[in-house]
Each structure stands twice: as structure tokens, then as C-alpha cells.
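Trainee: Take a look at the letters that make up each chain.
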Amino acid sequence: MFRNQYDTDVTTWSPAGRLFQVEYAMEAVKQGSAAIGLRSKSHVVLACVNKANSELSSHQKKIFKVDDHIGVAIAGLTADGRVLSRYMRNECINYFYTYESQLPVGRLVVQLADKAQVCTQRSWKRPFGVGLLVGGLDESGAHLYYNCPSGNYFEYQAFAIGSRSQAAKTYLERKFESFMGSSRENLIKDALFALRETLQGEKLTSSVCTIAVVGIGEAFHILDQETVQALINEFEIAGEEAAAPDQAGVDEPPAAAAGDQAAPGDEGAAPMDM
Amino acid sequence: MGGSYGSTLRYKSVERLKPVGKHSLIGASGEISDFQEIMRYLDDLILSDNMWDDGNSLGPKEVHNYLTRVMYNRRNKFNPLWNSLVLGGVKNGQKYLGTVSMIGVHYEDNHVATGFGNHLARPLLRDEWRENLTFEEGVILLEKCMRVLLYRDRSAVNKLQIAKITEEGVTISPPYSLKTFWNFSAFENPTHGAEGSW
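Those sequence lines, one after another, are chains H and E. By full-length UniProt numbering, the letter at position 147 of the first sequence is numbered 147, and the numbering carries on one by one without gaps. By full-length UniProt numbering, the letter at position 107 of the second sequence is numbered 107, and the numbering carries on one by one without gaps.
Please keep in mind that the hints were generated in silico from the structure rather than gathered at the bench. Quantities reported herein were computed from a predicted structural model and do not represent experimental measurements. Treat the hints with caution; some may be incorrect.
Said to hold, decoys possible - What follows is a set of in silico ranges between Cβ atoms, one per label pair, in the way DEER data are often shown: (1) H:183 x E:51: 17 to 23 Å; (2) E:79 x H:118: 50 to 56 Å; (3) E:110 x H:110: 36 to 42 Å; (4) E:33 x H:115: 36 to 42 Å; (5) H:57 x E:166: 26 to 32 Å; (6) E:172 x H:174: 38 to 44 Å; (7) E:94 x H:15: 53 to 59 Å; (8) E:43 x H:115: 26 to 32 Å; (9) E:107 x H:202: 53 to 59 Å; (10) E:107 x H:117: 49 to 55 Å; (11) E:136 x H:110: 43 to 49 Å; (12) H:117 x E:55: 22 to 28 Å; (13) H:86 x E:136: 51 to 57 Å; (14) E:172 x H:123: 53 to 59 Å.
As the list claims (entries may be wrong) - Here are the simulated lysine-lysine pairs, DSSO-like style, with alpha carbons at most 30 Å apart: (15) E:61 x H:115; (16) H:65 x E:91; (17) E:61 x E:95; (18) H:41 x E:91; (19) E:95 x H:41.
All C-beta atoms, glycine included, are put in the ideal place defined by N, C-alpha and C.
Just chain H, same shape as in the assembly (with noise of 0.2 Å):
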């Protein structure tokens, strides 16, 4: 995306009918570390990948629980992302003060949709440059949402945002028709196959990823270390140097296809992007 005379302030079209501030929103969400979501009819997986600025450094929280029923990740300005999280858990608190039961998670949403919207149409606002993956239960079941800064949301089966996420979509794209039916465990192997195509060579450990869960009968939380590592050694997908090729259903990895759509990677990152 080049720059031009139409991208400066938000409330500016371009000729083309395009609002380069937002779109240039959304170029910030592509260049955090990448977050996975999947669900089945019963549960929710999210899935993403931990980069710290430095081996002294902690590793910045990326998977917010909103409620025990819904939990969100999120890529791009984790400041936004943190901001936003507190709005969602001040909308589920209310709810469910109100009305003892729990925020069905298609609402909060589009509540969170239309709270972006708003920094599409104000002058003196900027729009939130995060992305976030909403997983959540409500009456109908189990659901993954996608909510963009300009304002859309979406509902997927599964889906993948931040750097080098088209390598988990395509591998997602090719399983993901098996989602639905697929048992707690199976949802988890395929986030964590799914996130091991966004490392690209890197060796998947537990110290590399955060995987959380939620479903029917189980609030939404963050597995711990030790339990990931232990799914990563159980299908043995450390790395692809380590794929063992009689592992009946391991998927080999695709060679990383993806000259994928951030070009400079992580490295060029601004320290307030993850």
C-alpha cells in the first residue's frame, strides 16, 4: 500500500470509495504474531503464537478471558486489545447482573463492532488497530468470531490472523470441513498444527505458543505449560525435522509455501505491535 493524498485523517474517502486510515488499521493487525481460532459444535479453541521483545522480557498477553464463557485473542496493538477486553468483560459483568444469565456471545459482538465503528466516523478518533478472534458459547452452541477495526465482523468455522497466518489458513482451509464433529482433542491438535505452520521452521514448545480452550460444561481457560507441552509430544508435532512419517493422520507440513503477506516479519515490528 503506497501513500497518497486521501490517507490522512479517517473521515477523508479516497476516490475510489476506500478509507485508508482504516485499511492501514488493519495493516497493523496483519503485522502482530499470529492468533488461531477454531470451534467445533461443542467447544472453542484459540490458539496463538508468544513473541517477547527480548529473552529478558515477559511475553506479551495475547488471550484474554472475557467471561467463563467467552474468551478472546487478539494481534496488533496489544494496548487495544487490552482496552477492548476490559470493555467486553464490563459488558458481560453487566449482563449478567441484570439478568443472572449469560451475555450470548453474537451480541457482544456486534456490541464490540459497532464500538469500532465509531472510530471509523470521528475526526478526532483513530480506529483500534487490533484484530480480535472472539470464541464463545451461547444457547446455539459453540462460535468463533472475527471482529476487524473497520467495524465488520464475521463468523468463521476457523481462522487465523497476525504474520504469516496464511500458512494456517491454508491448512486450516483443508481441514477445517471435519471441525464441526471433532472431539475437545482433535480441535486442540489441529490449533496447534495450525500454529506450527505460522513458525516456519521454528520448533513448536510450549514456551513458544498459549493455547486456550472453552466449551459446553467447561469455563473458558488458558491450558498450562506443562499440559501443552505434553499435546505437543503426544502428536509429535515439535517440528518438522522431528515429523515422523508412520504417525498415522500427522499431517506432513507444507513447505512453506506463503511468501505471505508480511513482507518485513516481525523483526521491523514497532515495540508496541505483537
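On the provided structure of chain H, position chain E as indicated by the hints.
Mentor: Relative to the frame of chain H, chain E by itself:
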């Protein structure tokens, strides 16, 4: 069916049972104008709920809690809605029955009542209620309670409605009256066992 004006039973055809949305029914006692106001709040609530146009809907539990919040908040502002409410419904096979008072006291139970119903009807219900009552048996039991309340009220009209809520929806019967018998010997000399009272 009655609406009072002070101690006079002035309005004798007031509908105090109303459906709320697809799954619930509300019954009110007390100040009728406040009940009408509550119905406005509930109609707005259900309308907003429908306007989401998604697969979700507010069930009886949610409506009951909403009402509790409304009643309690008004009490805290020293401007109560002068009603006692009964809220029942069925959603996704789950049955629900609760009550809220004008000061926001709320609870669920297998049988609830307002006002004197708590003193005259609940004891009967405690003895005779069972989980597996049929609808007809339930009506008989409720009519027994209503008959006692009718006999013991110094200004009541023999006119009532019974409502039924199932998964399919809400039906409210047209008004009808109970068979009464006024020639019990106890009624002939009411102060027989308590000379001096009236």
C-alpha cells in the same frame, strides 16, 4: 381480576395476568397503574431483545432478574412500584417460577403467592404440591386455594383467570367463577368460638 381503589374493590375486570415474550408470564397484585408501567418496561425489553434478530431470547429467569433490579432500584430511591409480582415460564424444557416484591425481595420456588396468598394458600400448597401434578390436578389445587382466599376476603369478586405456560407458549383462560357454598355452619355464627370479636 380485581382492581382496588383504597379499600373498595372498584374495578372488577382487570387483567392481572399478562404474557411476556414467548416464554414467560407475569402476574401482579397491588397498584394497577404501576403494573401498567412495568408492562411498558417489559414490552420495551422484549422488543429490544427481538430486534437483535439472533437466535437468542430472554427467558423467564432473565425477565425475573430484570424485574428484581427494577423493583430494588426504585425502592432504594424511595419511590417504589407498589406491586408484588409472580413470574413464571418455560424455556428449553426448563420450568421457572419466581416472585419479586415491591422492595426487591425475590426468590424462586415450586409455588409462590402474593399478599394473603402467602398465609392462606401456601400452607395448602406445601401440603399438596407434588412435582408430577398434571395440569388438571394443578388447576384443582389452585382453585382450592383461590376459593379459600375468596371466602376469607372482605371485598372480593368471584372471578378469576388461570394461565398455563408450556414450551409451546402461554394461554390465559377467559374469566370464570368458582362454585361456592355459604351455608357452612361456621359461617352462620362466625364469633361462636370467640365471643366479643366480630
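Trainee: Are the hints correct? Go through all of them and say.
Mentor: Okay, the hints, checked on the actual structure:
1. H:183 x E:51: 17 to 23 Å: Given a distance of about 37 Å, which is not inside 17 to 23 Å, the answer is violated.
2. E:79 x H:118: 50 to 56 Å: violated (34 Å)
3. E:110 x H:110: 36 to 42 Å: holds (37 Å)
4. E:33 x H:115: 36 to 42 Å: Holds, since residue 33 of chain E and residue 115 of chain H (Cβ atoms, about 38 Å apart) stay within the stated range.
5. H:57 x E:166: 26 to 32 Å: violated (60 Å)
6. E:172 x H:174: 38 to 44 Å: The hinted range 38 to 44 Å is violated for residue 172 of chain E and residue 174 of chain H, with Cβ atoms some 56 Å apart.
7. E:94 x H:15: 53 to 59 Å: Because 57 Å falls inside the window, the suggested range holds.
8. E:43 x H:115: 26 to 32 Å: With a Cβ separation near 28 Å, residue 43 of chain E and residue 115 of chain H satisfy 26 to 32 Å, so the hint holds.
9. E:107 x H:202: 53 to 59 Å: holds (58 Å)
10. E:107 x H:117: 49 to 55 Å: With Cβ atoms ~42 Å apart, the hint is violated.
11. E:136 x H:110: 43 to 49 Å: Since residue 136 of chain E and residue 110 of chain H have Cβ atoms about 45 Å apart, the given range 43 to 49 Å holds.
12. H:117 x E:55: 22 to 28 Å: Roughly 23 Å apart at Cβ, these two residues keep to the hinted range, so it holds.
13. H:86 x E:136: 51 to 57 Å: holds (54 Å)
14. E:172 x H:123: 53 to 59 Å: Given range 53 to 59 Å: holds, Cβ gap about 55 Å.
15. E:61 x H:115: holds (29 Å)
16. H:65 x E:91: Distance of about 28 Å is within 30 Å: holds.
17. E:61 x E:95: holds (9 Å)
18. H:41 x E:91: holds (21 Å)
19. E:95 x H:41: holds (26 Å)
The structure does not agree with the numbered hints 1, 2, 5, 6 and 10 stated previously, though it agrees with the rest.
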